[in-house]
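Using the sequences provided together with the hints, build the complete structure.
There are 2 protein chains.
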Amino acid sequence: MSAYDDLMAFTRETTALSAIAGRLEWDQETMMPRGAAEQRGEEVAALEAVMHARRTDPRVGDWLASAEQEQKNDVALAQLRHIRRSYDRASKIPATLATEIARVTSVSQGIWAAARASDDFASFAPTLENVIRLKQEEGAALAQGGDVYDALLSDYEPGTSGAALEAMFSALRPGLSTLRAAVLDAEPPAQLSGTFDESAQMKLTRKLARTFGYDMNHGRVDKAVHPFSSGSGLDVRITTRTSETDPFNCFYSTIHEVGHACYEQNISRDYLLTPLGQGVSMGVHESQSRIYENQLGRSRAFTGWLYGEMRDVFGDFGIPDADSFYATVNRVNNGFIRTEADELQYNLHVLLRFDLERALISGDLKVSDLEAAWNDRFEADFGFAVDKPSNGVLQDVHWSVGLFGYFPTYSLGNVYAGCLHEALRGAVPDLDDQLARGETSAATAWLAQNVQTHGGLYEPSDVIARASGRAPSEAPLLAYLKEKFSGIYRL
Amino acid sequence: MSAYDDLMAFTRETTALSAIAGRLEWDQETMMPRGAAEQRGEEVAALEAVMHARRTDPRVGDWLASAEQEQKNDVALAQLRHIRRSYDRASKIPATLATEIARVTSVSQGIWAAARASDDFASFAPTLENVIRLKQEEGAALAQGGDVYDALLSDYEPGTSGAALEAMFSALRPGLSTLRAAVLDAEPPAQLSGTFDESAQMKLTRKLARTFGYDMNHGRVDKAVHPFSSGSGLDVRITTRTSETDPFNCFYSTIHEVGHACYEQNISRDYLLTPLGQGVSMGVHESQSRIYENQLGRSRAFTGWLYGEMRDVFGDFGIPDADSFYATVNRVNNGFIRTEADELQYNLHVLLRFDLERALISGDLKVSDLEAAWNDRFEADFGFAVDKPSNGVLQDVHWSVGLFGYFPTYSLGNVYAGCLHEALRGAVPDLDDQLARGETSAATAWLAQNVQTHGGLYEPSDVIARASGRAPSEAPLLAYLKEKFSGIYRL
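Line by line, the protein sequences are chains A and B. Residue numbers are given in my numbering: position 250 of the first sequence equals residue 290, and the series is strictly consecutive. Residue numbers are given in my numbering: position 55 of the second sequence equals residue 95, and the series is strictly consecutive.
Just to be clear, a hint being listed does not mean it is correct.
Computed from the model, here is a short list of chain B residues facing chain A with C-beta under 10 angstroms [claimed, not checked]:
| no. | residue |
| --- | --- |
| 1 | Arg-74 |
| 2 | Ala-89 |
| 3 | Ser-272 |
| 4 | Gly-273 |
| 5 | Asp-310 |
| 6 | Leu-312 |
| 7 | Asp-436 |
| 8 | Val-437 |
Sample of chain A residues facing chain B (criterion: CB under 8 angstroms; computed from the structure) [said to hold, decoys possible]:
| no. | residue |
| --- | --- |
| 9 | Ile-60 |
| 10 | Gly-62 |
| 11 | Arg-63 |
| 12 | Met-72 |
| 13 | Pro-73 |
| 14 | Gly-75 |
| 15 | Ala-89 |
| 16 | His-92 |
| 17 | Arg-260 |
| 18 | Gly-273 |
| 19 | Leu-313 |
| 20 | Gly-442 |
Everything labelled a hint here was simulated from the structure, so no lab data went into it. Even for Gly, the Cβ is constructed at its ideal location relative to N, Cα and C.
Rendered as structure tokens:
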């Protein structure tokens, strides 16, 4: 056995243990009895301790050093790149700091939830200060003299930087603001009204999942409080939710999660249970969920087919024709909440968070000034005032559990989706004819072959560049949104 | 930290990992997508490798040696007894033998299943010979000069022996045979006929589970191919199954599994995630499932209440009154299959297997003679001939996966249930009045306090002796069966 073989055998076991940890999270959100939480916490901690010991096992360092000398082929080099990144990361963070972060973030989410429930930012502020201080320490340990925010960002999106994202987002924001203002000045389409049987929603949502290529032999669909996708390879499960008055929430949550899940399902089987066997970054992951949900799922062509399906299931629900249905699906509403935002406004919510969290990590913004900074920025971008913290600075869980550097990957994913969509339209000229028949296979096969199958083989921006034939840019997304919403709102 | 504290902290983590492995098995039988089996196998193997390394970790031997000198209190001594047994067991078996057993039994179940499907014992015989040879080696390694079968038996029922069981079963068998012959000569009660909606069965089965004290806040009920109970402490899940024509299968499988599950749920919380925090043996476990299912669930009093519940749910299903219903529930039928056998005949099936498997392990019976030996014994005990191997020697999975020493714990559990039932009747004189109202709390509280709460604190036969106030004996079971079936069949 070469050092590379030893390393891969060891890594494969670690990846398998990590897959088990992911499966337990799924169980916790879908199946676990309520009263089991305390015991489960201890079980998960025991597994985490095993994985931590493996990630920092000194043999990994030795194997890596030897294997990096030996190996020449692209796949092996990519495996080593991932293992090296993970090993160096684990080795740079002092054990005491890792323990302290785990300890603080295990309780901070509860404090945030209580503060949100009582609309009291002040009761969360000391905890957030603590979390930020620890993340600053962690980022400094990782950055070793470089940019602290960039070091945190690379956990979610290796190969990019705060400065590069700032440049991209600065080019995106004015265009979105202008388009948003024009849309909200125009006559709005009808809103959906009435009630829609929830078990019928689940039945149609499973059909939608299959329609978008989700492989039920290697997955399953359950209900949960929050929609998510879980797992890699041969066992990738999704959740969705239902609301009697809002079937779109169910259907588009499902299509979104199917985008994530298909990415994991379609990675080359050669990479099963290895570092290459998972989506390469949060941004690329989000590009798949978003292109499934928006560019395909909310297109005029596909919504025409969905309109017929919904009429078959629910009868006449008050929308007279497929054109009106398309406009209703894509209706732009004022709102406070990121997760409820439409395709046009979503990125404005994210850009706000990106700017604020960078300032928090750099120390330019104090937690004591955060609520005011949020409210000022929100009013500047959206034209109306935040009415309470649960509709503002307290709405998202991310910062409470130390996820700094995560938010921008949502918008980066949208930007990537724009690039991929432009290339996909070129590659499949009759895409709309297919979507209008509820056929997504040409589109999903193109994405599978050009993006998904590679798993972690290429760096994130490289996989997008290879697939779309251009360096990633916000321009295709902006052009797509302008064309789409100008059409719907007759601008 | 004392050696005992170190040992318990380490053991607690190992127990938590083992709970995760159990949860994965549950997932595999209830939720896992079909296509995920291969990946799951690798995940489970990775976790098993971690647990094996922990079970044989030399630090455990050192901690044990020190802690056994230090500790005096009963709970600590019981924890050490369990850890010692597990450590010695793991240490005595050569790694090569453990690997070979794992390798052979991972494929032998499939070979058995194929042989059963084609009713061809010869195609399974070489595999079974292999399994028996390995189990003989394992038993010899564990016995270190003592009895090989006893060493295997102690994995499932520590503290007993093949000779002790033989004495007990020899006293049981003639009484069962005599009673069986008399019953089958008498006029049989009516059989259940008609169809019973399966979702209504599941609803009533959940009510039955709660009626027997199953805590849904720390458990859940799902459907699976085979009914089972899974987990300990705060997360104990059960499965059941439905058949449109056989609602008793659903209801009594549920009550049986609830007996297992309540044992695990009711163990003292002080023992959570420690060796004492699980049922102490297969025999004691089966005593709980059987007393819930039979002595309580199939009693005249309780079936009177169940009759009313079934009438409420299913309307008139052709059984005219509660007395007839009680007789129908307890109807004795000729049959080949152990798992379908009634309370009266069940132990005859088990005793047959116990005698044959002891002879296989001792070498007195060759695999080439096994099918004939099975068929001869079956005809002697049941009075009619086995028609095909799938109704005879190939019906059970146990031997194919190396479970030698497991079968007798089923009958030992029935014997224990007989002892406990006798004592319970003494302790709760108005038990029938309560059961007739669908109230089981006095009975289940008595079992919880006298048996279940102790977990692994006492040795198996001790916990039964303490609860029942007498040394375990087959006499109460035999007396109970004679009285019950003499009444139903008017002997």
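Hints, one by one, checked against the model:
no.	hint	verdict
1	Arg-74	holds, 6 angstroms
2	Ala-89	holds, 7 angstroms
3	Ser-272	holds, 9 angstroms
4	Gly-273	holds, 5 angstroms
5	Asp-310	violated, 14 angstroms
6	Leu-312	holds, 7 angstroms
7	Asp-436	violated, 30 angstroms
8	Val-437	violated, 25 angstroms
9	Ile-60	holds, 5 angstroms
10	Gly-62	violated, 10 angstroms
11	Arg-63	holds, 7 angstroms
12	Met-72	holds, 7 angstroms
13	Pro-73	holds, 5 angstroms
14	Gly-75	holds, 4 angstroms
15	Ala-89	holds, 7 angstroms
16	His-92	violated, 12 angstroms
17	Arg-260	holds, 6 angstroms
18	Gly-273	holds, 5 angstroms
19	Leu-313	holds, 6 angstroms
20	Gly-442	violated, 24 angstroms
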